[in-house]
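Given only the sequences and the hints, what does the whole structure look like? Please build it.
2 protein chains.
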Amino acid sequence: MAKRLGSQTIILDKQPVILSGAGIVGKKEGDGPLSRYFDDVVDDEYAGEKTFEAAESRILRDTFIKALEKSGKSSTDINIILSGDLLNQCTAASYAFRDVDTPYLGLFGACSTMSESLAIASMLIDGGSVDYAVCAASSHFCSAERQFRYPLEFGSQRTPTSQWTVTGAGAVILGKEGQGPKITCITPGKIIDEGIKDSNNMGAAMSPAAYDTIRSHLIDTGRSVDDFDMILTGDLGSFGSTMLRDLLNRSNIDLKNKHKDCGMIIFDLEKQGVGCGGSGCGCSAVVLSTYILNLFMQGAIKRLLFIATGALLSPTRIQQGETIPGIAHAVLIEA
Amino acid sequence: MAKRLGSQTIILDKQPVILSGAGIVGKKEGDGPLSRYFDDVVDDEYAGEKTFEAAESRILRDTFIKALEKSGKSSTDINIILSGDLLNQCTAASYAFRDVDTPYLGLFGACSTMSESLAIASMLIDGGSVDYAVCAASSHFCSAERQFRYPLEFGSQRTPTSQWTVTGAGAVILGKEGQGPKITCITPGKIIDEGIKDSNNMGAAMSPAAYDTIRSHLIDTGRSVDDFDMILTGDLGSFGSTMLRDLLNRSNIDLKNKHKDCGMIIFDLEKQGVGCGGSGCGCSAVVLSTYILNLFMQGAIKRLLFIATGALLSPTRIQQGETIPGIAHAVLIEA
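Chains E and Z, in that order, give the protein sequences. For the first sequence, my numbering begins at 1 and goes up steadily by one. For the second sequence, my numbering begins at 1001 and goes up steadily by one.
Hints in this document: simulated from the structure, not taken from any laboratory. Being a predicted model, the structure only gives us computed values, none of them experimental. Backbone N, C-alpha and C fix where the C-beta goes; we use that ideal spot for every residue, glycine too. Be careful, since some hints might not be right.
Here chain Z is said to cover these stretches of chain E; the calculated rule only asks that three of the stretch's residues, wherever they fall, bring their Cβ under 8 Å from a Cβ of chain Z [unchecked claim]:
hint, segment
1, 51-63
2, 122-132
3, 313-321
See below:
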């Protein structure tokens, strides 16, 4: 049985294992610093499909198949798929998994989806409801631009705080037993809205949520920043990461050299023209499922707090003058 | 510990309790046959807000507060909120719960959201990760029309198989202990796509998923239709309900007089001009949280299989000529 700790943290008993992970990305991500960790790089932005949306589904599905292959499990071993994406009505995930003969739970956490899926799947495995689960998330630069901003053909100029939606998908196979790093503790996040209205500054909208969840996790568990090898946020980018440090400093929490942000390590911010860094559900999903799992396999890290962050906006609500709520869920991964 | 049964069913051990439920609806629903069961009827389609989307969030939030009041619990007792809706990027739920100081898990299951939230929350409580949870879902006729079909001002004609999106929200407080009907068994559903392309015929798109989940539940548990007082689908409407019966008949499963559909009982199909019946996440959520819980309180039913059904489409994918995947999750509720 899991145990609740403090106001919002859960200590898992059976400690589900990450059996494998896979990540497939687009060309720009393949040209970035993490290139050698990805399972495949898709040069064609349509991925052989007719639309960007279908391409995103295809990449997500192929990533799931790759992760399954690497886990040594068959699709009949998997009890449940937990997935989601940024598109309207989460269609990238729905269409990716419609031909898979496995029960499916659709999630919406915007760019926090990967940690939301890991959190829920871990709790389901811990409680005995599920033996093996797939956790996956995706995004696509072209489908996201069309959905949230302008048609690509319009060629609109980007603001300095904007981020670049990652084309890619990450998937992890989580199981009740096996070899791999374990998920030991969960801190699900609250929706935090500090009044940011600029939909080109997602980092600012999400960093208060990351702050709230990290702070709650430390308070609930009695741990300090020194207890982690890495504190990995999803896609705050450079602006949001600076905000997160500032907010934590005000609570006397110094991230020191422990903080990394998936949005800042997937691209070369100096050379690749991506504004403040990468974003999108696929960003943290693919970094965790490839580069980070590799660090665990190499023994380079042993305890990582993974906090994917999401901006829960829609173009409709922004056009109505609304502010942008953020959310962040923390998952503790240990060797 | 929960136990897995057959290919996709989970038998819960601790059997979470439905402590209370609440439902708030719009005027048309308030004029329907279930009128006296609702906690409130909002005559103003803006619910005092400036936009339909904000109105939906308001109704959802007020429903949550009402359910909480009726449960005798305080908001600090609640460990997690599980909610979702039909709008782009699920903003009705995100904005409804942004001021609530409780961790939040966003779901997307289209109109299957209420059973998805009950399924996940039950498993989390069963496993000890959560003591008390809120399960809630909403929809709004005006926000859904704008999102999925035409501007209301356009006054487009409706096809015979179309359904009427319910304005309303339902919320349930689920707990590890207390008085009320219990959730004893879960059958999460697969995504099923039988090639339906008509986005004005959601019943046809969803009924194969309802068929698949009901059939799996019966096979996994060894139960027959006679073992239930009611088999309650979400919003198949009259067309989808007929299809469901036909599909089950081909597998030699006769629903007899046990089947009800929330979309068919929330409105008077003869008099209210709602096509094949009600639809939307709010439809099954509000019927379950009010009328059905009342039947349990009266002792009129003792074992109900609740199967909310969702059509996982988006206008974008339909415009691209895609078919409509469906999903249905089953939750067994027992007195």
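Results of checking the hints against the structure:
1. 51-63: Per the Cβ count (3), the hint holds.
2. 122-132: n = 8 at 8 Å, threshold three: holds.
3. 313-321: holds (count 6)
Against the hints set out earlier in the document, no violation occurs for any number.
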